[in-house]
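Trainee: From the two separate chains plus the hints, produce the assembled complex.
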Amino acid sequence: MAPILTSSETAGFINLLSAFLVGTGFGFALEQGGFSSSRKLAGMFYGYDTTVLKVFFTAAIVAMIGSRILSSLDLLDMDLVFHNHYYIGPAIIGGIIMGAGFIMGGFCPGTGISAAAIGKIDAFVFLLGGGIGAFLFAETYPLIQDFMDSGYRGPVKLSAALGLSDTVFIFGVTVIAAGMFWIAEKAEKKFARPDINSEL
Amino acid sequence: MNPYLAGVLLGLVLLGAMVLSGRGLGASGGIKYCVVSVVGTVSQEHAATAEYYSKYFQDGNNPINNWLVFQIMGMLLGGFISGVVSGRLTWKIEKSPKISDSRRLLLAFLGGVFFVYGGQMARGCTSGAALSGMAVLTTAGFVTMITIFGSGYLFAWFFRKNWI
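As given, the protein sequences belong to chains V and Y, one line each in that order. When we follow the working numbering, the leftmost residue of the first sequence carries the number 114, and every step to the right adds one. When we follow the working numbering, the leftmost residue of the second sequence carries the number 238, and every step to the right adds one.
Calculated from the structure, these hints are not laboratory results. Check before you lean on any hint, since a few could be wrong.
Claimed, not checked - Capping the alpha-carbon separation at 30 Å, the derived lysine-lysine pairs in DSBU-like fashion look like this:
#1 Y:Lys292 to V:Lys303
#2 V:Lys302 to Y:Lys335
#3 V:Lys299 to Y:Lys292
#4 Y:Lys335 to Y:Lys292
#5 V:Lys303 to Y:Lys332
#6 Y:Lys398 to V:Lys303
#7 V:Lys299 to Y:Lys398
#8 V:Lys303 to Y:Lys335
#9 Y:Lys335 to Y:Lys398
#10 Y:Lys398 to V:Lys302
#11 Y:Lys292 to V:Lys302
#12 V:Lys299 to Y:Lys332
#13 Y:Lys329 to Y:Lys398
Stated by the list, open to error - Which chain Y residues face chain V? A few, computed with CB under 7 Å, are given here:
#14 Ile301
#15 Leu326
#16 Val380
#17 Trp394
Stated by the list, open to error - Per label pair, the in silico range of CB-to-CB distance:
#18 V:Leu275 to Y:Leu326: 42 to 52 Å
#19 V:Asp259 to Y:Ser280: 47 to 57 Å
#20 Y:Ser339 to V:Ile257: 30 to 40 Å
We treat Cβ as the ideally placed atom computed from N, Cα and C, and that holds for glycine.
Okay, chain Y solo, but in the shape it has when bound (with noise of 0.2 Å):
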């Protein structure tokens, strides 16, 4: 889809999430939602005793019932709905031809680490805190904005090789 049209679609989207129930769009916080979850799954004493995972397990909450998790669920189905009316179903590593598999799947690997560990220092990622922000004219999201594409280009010429 032209790029222009598909962040019109986009733009409609966070607008209609805006309209129906007062959030924006978000990805990392239901990936944060998931871990809690798990973790409370494999220790549950050290989910009810360190500060950080107790407030999601209060009142006997499973932190899986939450709008943030409903959402990437959905997401996973309107990529793929997507994929299908696109043709672009198919199981790869995408990756430059110059690199090897290992190495890719090593930076891609790396490369969530880091950017969730920011994303929830920065209480949200380029959907969360960069777009919805940005929607809503916070200076949260225009800072987030700077940073994440500054940064971006800071480290570009360190990791080139990956991808030019």
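Isolated chain V, as found in the complex (with noise of 0.2 Å):
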């Protein structure tokens, strides 16, 4: 049963080689999504351009259903599958820097990577900004350690929190982004650009 590879009983050499070819799939999904492009990233909060918001929770949606279908046939584990952990102040404040981030510099990191794999050297400043950045926290970590500990709540599931089973729970969400959908194709008419989309 999956997970194939864990940590402790593979090979460095195999794990490596599996973390390399995964991240082949992530840059070229990225970038076969027009996230290599920040102007088109940078459309979503304009509406000129929704392809993050349909790439994001299409994939998302792929990802629940798929290990949910998985998991429900006993071939993935998801209990050895990471679940990130819940720090109430950390994770609202650093997603708060994070967005001001995106809009100025109009990339994610990963949206980085792949606009800098093509030649994009905003891009390429961009991640040296962030090197920057990882630096910065790495040597401020001390004064904010306190409050990167705090508000813990552990690896809580959201259906949980809810109530809910994890089929309905996803269902719920495939229903919301259906309308976020919709909403999407239409914000993109009524607020089009064509000097900016027809460059994209």
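Mentor: Here's what the structure looks like:
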């Protein structure tokens, strides 16, 4: 039963090779989705292009449904799949800082890498800034350590917090996403910017 | 590629990562490991004494030999292949014609600083915390997604002249 490779039992070389292969697929999918263009990504926040929403939510739903099916067929043990831990304050404040970075830089780290891969110079500069951001975080860590450890709730699932079964929850997210896709298609027409869209 | 189709492809890659190794996707983590490795090269003393860095160098480990680092190396190859396939390889600074190159690069730099700092705080960025977290239904995943995009809309007005 999957996961196939567990870090404790797998040789380092195989583990790193699998990381490289996953990354190759990741970078390919991001670039094919149009995420190598900062102006396309920024369109999400001004309505003239909503590719971000479409790609992001479609991907999340495919992975949710796929993993739910595999786990119900006993092909994937979800207990062995990493669930990120919830620290209330750091998740919220970190998210707000990231959103500010998004609207300034026009990339997130993953899309910045896919854009650098096809030669976008602004993406290289974004990633350089990202390295400085990681350095500043490490250097300021002692100052914010108490905050970083605060509000710990563990690897909780939103479905459980809402008292829903995973299947019902996934169905609900899918319905909401479908509604957002419908709104996004309308928004793209309403906020269309032929001058910008023609250059993307 | 049609965005919904690209979304399916991205979702399958994420599902593949879960099946293969029980992990999600990540980008900012790989950047962090590269930075930690550079710090270790520049100042062994600082890396050994500062609590934040020292844990990455335990048992003679080199933080560059890390899952997340190899993943972002793969991302560069995958993005490059996609650029070749779709004829999008080109050296350029992409920006609105209304702003200068230097303004675009300054904002790109600052955006990177903010994004990765925030990503370290939230223990993952759009891929590692939001997308991968949502795929396994975690509260952290949904909260991070909502705050990233909500904050983007909140600040969009202030930065509108750079984009529209």
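Trainee: Run every hint past the structure and note whether it holds.
Mentor: Hints and how they fare:
1. At most 30 Å may separate the alpha-carbon atoms for a hinted pair to count; Lys292 of chain Y and Lys303 of chain V exceed this at roughly 51 Å.
2. Taking the CA atoms of Lys302 of chain V and Lys335 of chain Y, the gap is near 23 Å; set against the 30 Å cutoff, the hint holds.
3. As the CA atoms of Lys299 of chain V and Lys292 of chain Y are separated by approximately 50 Å, the hinted pair breaks the 30 Å bound.
4. Annotation: proposed proximity of Lys335 of chain Y to Lys292 of chain Y is violated, straight-line Cα distance about 46 Å (limit 30 Å).
5. A C-alpha spacing of about 23 Å is found between Lys303 of chain V and Lys332 of chain Y, which places the hinted pair at or below 30 Å, so the restraint holds.
6. For a cut-off of 30 Å, the pair hint linking Lys398 of chain Y to Lys303 of chain V stands: about 19 Å separates their Cα positions.
7. Annotation: proposed proximity of Lys299 of chain V to Lys398 of chain Y holds, straight-line Cα distance about 23 Å (limit 30 Å).
8. The straight-line distance between the Cα atoms of Lys303 of chain V and Lys335 of chain Y is roughly 22 Å, inside the 30 Å bound, and the hint therefore holds.
9. At most 30 Å may separate the alpha-carbon atoms for a hinted pair to count; Lys335 of chain Y and Lys398 of chain Y meet this at roughly 8 Å.
10. With a C-alpha separation of about 21 Å, the suggested pairing of Lys398 of chain Y with Lys302 of chain V holds against the 30 Å cut-off.
11. This hinted pair does not check out: Lys292 of chain Y and Lys302 of chain V have alpha carbons roughly 51 Å apart, beyond 30 Å.
12. Restraint check for Lys299 of chain V and Lys332 of chain Y: the C-alpha separation of about 25 Å stays at or below 30 Å, so the hint holds.
13. Note on Lys329 of chain Y and Lys398 of chain Y: the hinted pairing holds, with a Cα-Cα distance of about 20 Å set against a maximum of 30 Å.
14. Hint status for Ile301 of chain Y: violated, given a least beta-carbon distance of 10 Å to chain V, over 7 Å.
15. With 7 Å as the threshold, the beta carbon of Leu326 of chain Y comes within range of chain V, its nearest partner Cβ sitting at about 5 Å, so the hint holds.
16. Annotation: interface hint on Val380 of chain Y holds; nearest CB of chain V at approximately 5 Å, less than 7 Å.
17. Proximity of Trp394 of chain Y to chain V is violated relative to the hint, the smallest CB-CB distance being about 9 Å (cut-off 7 Å).
18. Between Leu275 of chain V and Leu326 of chain Y the C-beta distance comes to about 45 Å, which sits within the given range of 42 to 52 Å.
19. For the hinted restraint 47 to 57 Å between Asp259 of chain V and Ser280 of chain Y, the CB-CB distance of approximately 26 Å leaves it violated.
20. Taking 30 to 40 Å as the suggested C-beta distance range, the pair Ser339 of chain Y and Ile257 of chain V conforms, at roughly 32 Å.
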